[in-house]
Structure formats: structure tokens, C-alpha cells
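S.K.: We have chain A already, so just place chains B, C and D on it with the hints.
Each chain is listed here by its residues.
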Amino acid sequence: MVKDQQKVGWSKIELASRVAQDLEDGWFVNLGIGIPTLVADVIPEGREIILHSENGLLGLGPKPEPGQEDMDLVNAGKEPITLKPGGSFFSQSDSFAMIRGGHLDAAVLGAFQVSIEGDLASWKVPNDPLGRVGGAMDLTVGAKRIFLCMQHTSKGNPKIVEECTYPLTAPRCVDRIYTDLAVIYVTEEGLVVHELAPGVTFEYLQERTAAPLKIHATGLAQEDILQQ
Amino acid sequence: MVKDQQKVGWSKIELASRVAQDLEDGWFVNLGIGIPTLVADVIPEGREIILHSENGLLGLGPKPEPGQEDMDLVNAGKEPITLKPGGSFFSQSDSFAMIRGGHLDAAVLGAFQVSIEGDLASWKVPNDPLGRVGGAMDLTVGAKRIFLCMQHTSKGNPKIVEECTYPLTAPRCVDRIYTDLAVIYVTEEGLVVHELAPGVTFEYLQERTAAPLKIHATGLAQEDILQQ
Amino acid sequence: MIQKRFENTAKAVADIHDGATLLVGGFGGSGLPSHLIAALVDQGAKDLTVVSNNIGAVSDGVAALISNNQVKKIICSFPVGPHADDLIARFQNGTIKLEISPQGTLAERIRAGGAGIPAFFTPTAAHTELGEGKETRMYNGRLHVLEQAIIGDYAFIKGYRADRWGNLVYNKTQRNFNPVMATAAKITIAEVDEIVEVGELDPENIATQSVYVHRLVKLEAECEGRVLVNG
Amino acid sequence: MIQKRFENTAKAVADIHDGATLLVGGFGGSGLPSHLIAALVDQGAKDLTVVSNNIGAVSDGVAALISNNQVKKIICSFPVGPHADDLIARFQNGTIKLEISPQGTLAERIRAGGAGIPAFFTPTAAHTELGEGKETRMYNGRLHVLEQAIIGDYAFIKGYRADRWGNLVYNKTQRNFNPVMATAAKITIAEVDEIVEVGELDPENIATQSVYVHRLVKLEAECEGRVLVNG
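From first to last, the protein sequence lines are chains A, B, C and D.
My numbering runs 15 ahead of the 1-based position in the first sequence.
My numbering runs 15 ahead of the 1-based position in the second sequence.
My numbering runs 23 ahead of the 1-based position in the third sequence.
My numbering runs 23 ahead of the 1-based position in the fourth sequence.
Hints listed in this document are in silico derivations from the structure and should not be mistaken for laboratory results.
Fair warning: there could be bad hints in the mix.
[Stated by the list, open to error] In silico DSBU-like cross-links for lysine-lysine, where the CA-CA straight-line distance does not exceed 35 angstroms:
#1 D:69 with B:159
#2 A:229 with A:159
#3 A:170 with D:120
#4 B:159 with D:209
#5 A:93 with D:209
#6 A:78 with A:93
#7 D:209 with B:78
#8 D:95 with A:93
#9 A:27 with A:78
#10 A:93 with A:159
#11 C:34 with C:69
#12 D:241 with B:159
#13 D:69 with A:93
#14 C:157 with D:209
#15 B:93 with B:78
#16 B:93 with C:120
#17 D:34 with A:93
#18 C:69 with A:159
#19 B:93 with C:69
#20 C:209 with B:27
#21 C:157 with A:78
#22 A:159 with C:157
#23 C:241 with A:159
#24 D:34 with D:95
#25 D:96 with A:93
#26 B:159 with D:34
#27 D:120 with A:93
#28 D:241 with D:157
#29 A:159 with C:34
#30 A:159 with C:96
#31 B:27 with B:159
#32 C:96 with C:157
#33 C:209 with A:93
#34 C:95 with C:69
Since the model is a prediction, treat every value here as computed from it, not as a measurement.
Just chain A, same shape as in the assembly (with noise of 0.2 angstroms):
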């Protein structure tokens, strides 16, 4: 179902809600801060998706109700959260410890830039004196797989380029990318769309792109997230 054209695309939420549905069952995930918080809320009914948060806890659950706030219990974002049943808290050397010796299925991250070979620059813009690295560098070697989840472009200019010009977090680690106008993969043979937001066209999405897309072998998905 395509929308009126003055909205197009997913907003926060629903690309939030479009990448929890890619995570499986069982699955152990971080969740970086920005855009993929809020991937906590959305996470689907009945299946056990165990996140992770570098401060130091497994287990996160959705926000609080208003009044319930605990300024002890907070995600990476320093934002208060919940803690599922079966939860735990440990200090950050041992949360980094798991982030880089591999036991995340999967991290969600935001992006300045990501390149079509899967570099990711996320940690500091090119004349900022001062950078901003938090757990990125880590998460990008440690966690099995890289969903960025972000806008598709920052006041205009594509995020998504042939080589990014802004400093490394990491080279080669994005194995994803959810957009609020597509689902994108990185592979061997380049940028593959996988899904179109609704109102997305393909060349809506390749205008805004500063890289070759190409199209999913099997055709490309369009569907209205919220209908699910």
C-alpha cells in the first residue's frame, strides 16, 4: 500500500520495527544509540531476542512507563530502560569482552557514512576537533554481523557512497543496511536492495544514493510494515 506521496519512506519508528523483524530467535544483539534504541521497543511478539547494552547489561527491555524511570538502569544512550526477566547486569570490561570476543549474533548501529564495500565511518565528522567513538570500533570487529540502521541521508547528502571520505570506524564490517527508504545488503557483488519502503521507488532510492544499487535477483519487496 503506497502512501501519499508527501510521506514517503519509514519513519523512526517503523525502520526501527523493520529491522527488529530481521532479528531471529535466540539471537544475542546490541543496540547502539540513535535510531537502533528504539529497536528495543519494537522487538516482535513471542520471539526471544536477547539485547545487549555496552554500559554493562543483557537482557533490555522497553522503555519504562512514565514515573517508572530508574536513572540506575540505563542504556547506552544513558536513557532510563527496563530490564527483561532473566536479565543481568556485569561491569563494561566485561560487556566489551563480549562485544569482542564475538558472542553478539548481531550490533545495530547508526552511520555518518557506509561504503559500498561495507566501510563504515561513524565516530567523528572530518573538521570535528574531538570524535566520538564510544563502543563503535568494538562492536564492529566483535559482533557476527553490522545492521546499520539510520536515515538515508543527512540534510540531503547520501550517507551511502562509493568510498567514504570521513574517518574509519571500521573497513569491511557492514553486513546491512535499514534505511528509511530500503533495505540494503552488502555483498560481494556490491550493494544489493533487498526491500523499498512504501512510496520508494527504485530510482527514488538510487537519486539519493551515492553508489550503485542493484535490485535482489528474486525482485525487490515493497510492503507497508505497519499492515504486518
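M.R.: Then chains B, C and D, alone, in the frame of chain A:
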């Protein structure tokens, strides 16, 4: 009070008590296997000495009463012990992080040989194909002080020697040597006898020691520990 | 739904292949996963490399695998003990290789394996026979040796209580090598006394997190299983 | 008798010298030892090297020391945030040095410092600006960088409950960097909500063992203390 000549020197439990006397209030102290484990049973009244066991325990207490043994609560020698209030359990990797990181005030260990310079040999006899290092090498590099607690001789052969002929545990690591015959400090000036056990003369001690001994500048103590 | 429970130890160890590297928890008999070891004796996988602290301390430990000729290499800190005769014999006739690692280095190498650290410098064993042949470097005026991480194909772990997700708690010094070995194997198999509902374990008090445990066997079920098999 | 309790934060931080290296726990405002930081602002020690994950996240964190011109170097993973303006200004005019370390590398460098490991190889930051100038080596077909341990002269830690021996438990994600920083300083100072009798904390559930904590301040006593001082 010099004892009957038939029984010269300290018994094992007297020796352990003599070591315990020199452990200071508030110290964290590891006990190795063998005679050192007896130290846990003879900590002086009123002194808070927190004993560490390499298998992941701080706050080791004395042996349990007969019938109260718990095979999930054992020391480095796999013998049942007790836990003092304030004690805690942790993994072997955390335990050795504590040891190697320099956090223990002292370790009380056994020895095959110790040299005039404080070299320690305690893990392998020359013709043994196997050896058994356990935690000895970590303790000797990690603990702030190494106190040996051992029989002065082995089958009549001196264990205190000019130079170790057995494979080393660590070079220049021993601070003090407590034996059934004497208390000896390893110093820049050589091996200095601080105390003789009951019935032991300096000459008797030197005869059983394969390295030159010196008398402590302020003279020698000689006490019957049982009187204290 | 996450389900890590296996019906019995035999099924939990069934796929262990010849030549596998196996980490075995415990400190002597304390916290020793002896039922998993017994199942592996029955299963018969050969040419194993076994990483475990104490080898000859008890008869139902790694010594049982050695006596059954399933082991080609041992990495440990303490090979001797009352049940080391078969290890000594096989070491002397060259059918078993032995690598002695200081206990703290052994624990740290396993932790490093689980934590994505391939190698680290440690002062332990510098200037000794066990440091010979290893790369060395000076730090803080002291000689250090470079040690390599250890990763297992499988780890055998003994826990006290588990939940369905695979969270584990231990009882007292039963903990020892179990939590660290749990982190360092592709497949970690835990034998436990009890399996409780998800949410019953205190979240502040879980010593091995669910992410590290892949298979669970509850010991009572196992005993029943063995009776059935034997009967 | 072991007595680690100090009357107030002012006395607990009184001896911190100019040029000291200070580890500060917390993740943003969560588990942040903000009362110890406030006391150090009052105390005024200068030329500090501060190791802490988030610098500009909250006003009562390390940002307060920066604004008071007490810091010459920051080691962190995340310098930016709503309270980073003074850091940015001082970084740009060259009065503060900044070393950015990936968060996991930062945590591991601190753990290494506490564990007697002077250096280790990690895949994190290989092929990036943060790995530049560091020794590299291939392991398992992947580039790794050699990272150095961090040790503090002091660590500021926030705990939930303590006992007189210095054992600590934390509340939920308040744990974060606190347990690891507690291991890596010559003097670790903990501010806690409560001090209980020795033996009241569950021995299975102590996240920071007594050996790592040298000074304790109970926050209520501290608040009274500050009122007295101010009155």
C-alpha cells in the same frame, strides 16, 4: 625456654603460627598448598587478616568442624575450609588478576630450594618429567612480599642454598624464610637470621644451611611460641 | 523460544569430534563437570586437546579421558596427583604431549580467548623454563613474556543453578575455572544441579551470562537417562 | 581492625597531588562519583590526567574539573555532550591534551592495569585513525594493535552498598566502569549510599572485592559534613 634436645625446632603448626605472627592487621595474604594452609587455623586473635585462596576466594577461615565439610568450599590444596563474614567468591581469572596485579600484601608459599639472593625453586625437581607449577609463578611475580614457610631441610639436604639447582619459579622474589628452625630475611647483605626456634643454635642452623648466614644486628630472638 | 536444555549428557556431547579442543572446568574435584566427562568417555572421541587446571587430582576428571586413550595433548598447570599414573606413562612413551602453563597465565589465556584478545604480555614465568622460547619484552623495568589466547571447540562447565536462557550461578568455590572457560569455547556445555524459570536468578548475581552457555544438562535427568540406557 | 571509612569526601580526597592520574567511574551520570568530584573541585589539585568514559555528558562529572582548570589530559572514548564546551575550548587552545580510546579498549586497558598485564593485542581500531602510530601484528588473519595498560594514582568509584572491609555491590547499570576502575588505582576511593556490617553482603554477589577499595565515604554523612563545613 629451650626444649628437650630430642625435639628441636618448631612443629608444623608452631611454624605456621610463627608466620601468622608477622602478618599485619589489614593485610591480604595468599596461602599456598602444604604447611602454608595451616596459617588459616592460627591467625592471632583480634587481627583482621584477609586470606586469599587462588581458586577464587577472599576471606578464608579455619578448617571446618568435623562433619561440617563442604566440598564446594575448598582451599588451594582442595581441602575443605570455611568462609569468614566479609568473604567473597570469584573466578580463577579474577583471582589471578588480583594476584598478578599486585594487590596482595603477602603470599606464604612452600619451596624446594631458595637461594641466597631470594631465587625460588618450587615447581619441579630436576628429574621429574612433569612439574607442577600451579599458581606459584604468578604469586611470586605478583604478591608484594613472599614469605616461605617450609621445613629447613629435605631428607637431610639443605633447602637454603648458594644457588638453586632446581628449575626456578622466579628469580629474586623471596623476602623471608620461615622454617622449623629459624626465621631468616633475604637482604641485600645476604641471609640474615632474625630468630632461632627453641633448642636451635646458630651453629646448628648453619650446619643445615648450604649458604652463609648472618646474625641480625640487634641479636637473635629465641622464644617458645607456645608461651605467647 | 530459547531452549538450551539437552535430555542427557550423552546427547549433549554426541557431536564432539576427534581432534577437538576441550576446556574442562573445575579445580581438582571442586566444580568438576564429571558427568560430562563420563559421557565423553562413553562417546569415545579421540585425539583431544584438553585444557584443564588439574589433571591427576581425581579419578573422574580428565584422568578418565587419558586412561581411555582419548587425549593427544594436555594444557594445564598441575598435571600430578594420585591419578596421574596414566598421564605420566603416556607422556613418557610420547603418546601425549604436555604443555604446562602457570595457573594465572592459563586462566588469563582462556579469558583472552573469550574476550577477543589474541595475545598479551605477562611477567609470570619470565626468567624460567616455562618462559623459554617465548617472545619477551621489558615493561616497567621488568621482563615480560608474550602469551597466546586459548579457545576451545567445546567447554565442559559445572554450575549450580541455570535458567532456560543459560544464565548460571555457582556455589562457593565451585566457581573457579568454570566462568572463564564458559566464555572461551564455540560450544559451552554446562551440567547443573537445577534449572529454574527465567527471571528467578538475581540479575546482580549471575556469574555466567546466558550468551556464553549453549547447552544445559540437569544432573538428575541425566542420572535417570543413564539408568535407562544401562537398563 | 580494618577501617576504611572517611568522615567526608573532603578528607577522602585531601592528599590527591598535582599531576595525579585519576580514574573516574560512571557512564554519563549513571554510577558517577559526583560527590568525590565536587570535593576535588574544592580541593583544587591541578594538572590532573583524568581517565573516564564520558566527559561532557553531565555538569557534575569530569566537566567540572575541566571548567575549574584542574585537568591537563583526558583519556576517554566519548568527549562530547552538552557540557563539553570548556573541554573543546581548552583542547583547541592547547591547554588540554585529549587521547580518545575506543570504549572497549579503554575498559580493557584499565582491566589490564589492575591485572598486571602491561600490554595486549586487540583488533579494535586497526585500520583506523585511532590505531595510527601503534604497533600492529596479524593474528588469525586479522590486523591487531598493541594497547598499553592504564593505572591510576587514584580512582573515584560510586557504589551502592559497602561493608567495613571495602567490599562493594552496585545497583543495576550503575556498575559500568566502577568495578574495573576499582582494580587499577593505587588508592581507590568509593562513595556509597550505605555501609553495612561485615558479613551482610552476599559472598556470591560482591562485585568489587575488599582488596580493591582503600577509602569509603557514605554519602549521607558526607552531606552532613558539607553542611557543617558550609555553616
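S.K.: Quick one: which hint numbers does this structure break? Sort them smallest to largest.
M.R.: 20, 21 and 28
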